[in-house]
Amino acid sequence: MAGLVLALAITAGLVLLGYLVGSYRERNHLADLDRREVAAASVIVVDVKQTPDGITAGGGQLVAGGVVIAADYFKSFLAAWRNLIGGEVKTYQTMLSRARREARLRMIEEARALGSELVVNVRFEWSDVGPRTASAEILCYGTAITRS
Amino acid sequence: MILVNTETVPGKEITAFQGLVQGNTIRAKHLGRDIGAALKNLVGGELQAYTELLSEARQEALDRMVAQAEGLGANAVVNVRFTTSSVAGGAAELYAYGTAVTVV
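In order, the protein sequences belong to chains C and H. The first sequence begins at 2 in the working numbering and counts up by one. The second sequence begins at 31 in the working numbering and counts up by one.
So here's chain C without its partners, still in its complex pose (with noise of 0.2 Å):
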């Protein structure tokens, strides 16, 4: 009996580190992918593969960005209890839009870096080199196209 009420202990003080700073984390990623996101706006990305009309290129350059996020306990908890009864998984939702846009903003980095303004053929790609535990592993590429 008090072994069960230890473990539900130790989970509840899990489940609530994991909601305290998962979120506060989470929040502060957020805020960080909206000011970054600003700063990247005159970049234009697509996803088709042809440069667009009125633009003279000259040249093309490979450019990739990745990041790997984990959830946290909080996450892992709601997600757990979202499989008995199905439907959308939110907590996860957030943790792989957040994978995106930060993969996507790596990129234009590296694209900026380059001097492009410009990244056609965009792709996402979901890479599995990480962890067996519940995270996000995001690896967007495109070509940054480069002006004569």
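Hints were generated in silico from the structure; no laboratory data involved. From the three backbone atoms N, C-alpha and C, an ideal C-beta is built for every residue, glycine too. Where hints are given, some of them may not hold.
Pair ranges (Cβ atoms, derived) [said to hold, decoys possible]:
hint : chain 1 : residue 1 : chain 2 : residue 2 : range
1    : C       : Leu9      : H       : Glu86     : 39 to 45 Å
2    : C       : Pro53     : H       : Arg63     : 31 to 37 Å
3    : C       : Pro53     : H       : Glu82     : 32 to 38 Å
4    : C       : Gly4      : H       : Leu69     : 21 to 27 Å
5    : C       : Arg148    : H       : Glu100    : 24 to 30 Å
6    : H       : Ala46     : C       : Ala114    : 53 to 59 Å
7    : H       : Glu100    : C       : Ser24     : 32 to 38 Å
8    : C       : Arg37     : H       : Ala97     : 31 to 37 Å
9    : C       : Ala81     : H       : Phe47     : 48 to 54 Å
10   : C       : Gly4      : H       : Glu86     : 41 to 47 Å
Since the structure of chain C is already known, use the hints to place chain H on it.
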């Protein structure tokens, strides 16, 4: 060596095709990293060790692909794709492939 994931090199013309080139690397996840990740899974956030592992693996696969293209006398690789696969529990492959060409 010019690398692009479009079918042509923007602003340049392809004069010869040398064929498919590829590079891959398989990375094992060592236990220490998994333990670190398990701790990070309590509070969430970026797993920097894995982000680095991912970008090292990407670079390694690209380098091997480029070496193959150089061996064929190409000066560019077009239509580059990345793909991943899980070979076995604890090991993951990153695979890059594309078409080696000569551009002017």
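Hints, verified against the model:
A C-beta distance of roughly 42 Å is found between Leu9/C and Glu86/H, which places it inside the suggested range of 39 to 45 Å. Distance hint for Pro53/C and Arg63/H: a CB-CB separation of about 42 Å, inconsistent with the stated range 31 to 37 Å. For the hinted restraint 32 to 38 Å between Pro53/C and Glu82/H, the CB-CB distance of approximately 35 Å keeps it satisfied. Distance hint check for Gly4/C and Leu69/H: the Cβ-Cβ separation is about 24 Å, which falls inside the suggested range of 21 to 27 Å.
Remark: the range hint 24 to 30 Å for Arg148/C to Glu100/H is upheld by a beta-carbon distance near 27 Å. Distance hint check: the CB atoms of Ala46/H and Ala114/C are about 31 Å apart, inconsistent with the given range 53 to 59 Å. With their beta carbons about 49 Å apart, Glu100/H and Ser24/C fall outside the hinted range of 32 to 38 Å. Arg37/C and Ala97/H have their C-beta atoms about 34 Å apart, which keeps the hinted 31 to 37 Å range intact.
Remark: the range hint 48 to 54 Å for Ala81/C to Phe47/H is upheld by a beta-carbon distance near 51 Å. For Gly4/C and Glu86/H, the Cβ-Cβ distance of about 44 Å falls inside the hinted range of 41 to 47 Å, so the restraint holds.
Going down the numbered hints, you'll see the structure goes against 2, 6, 7, while the others check out.
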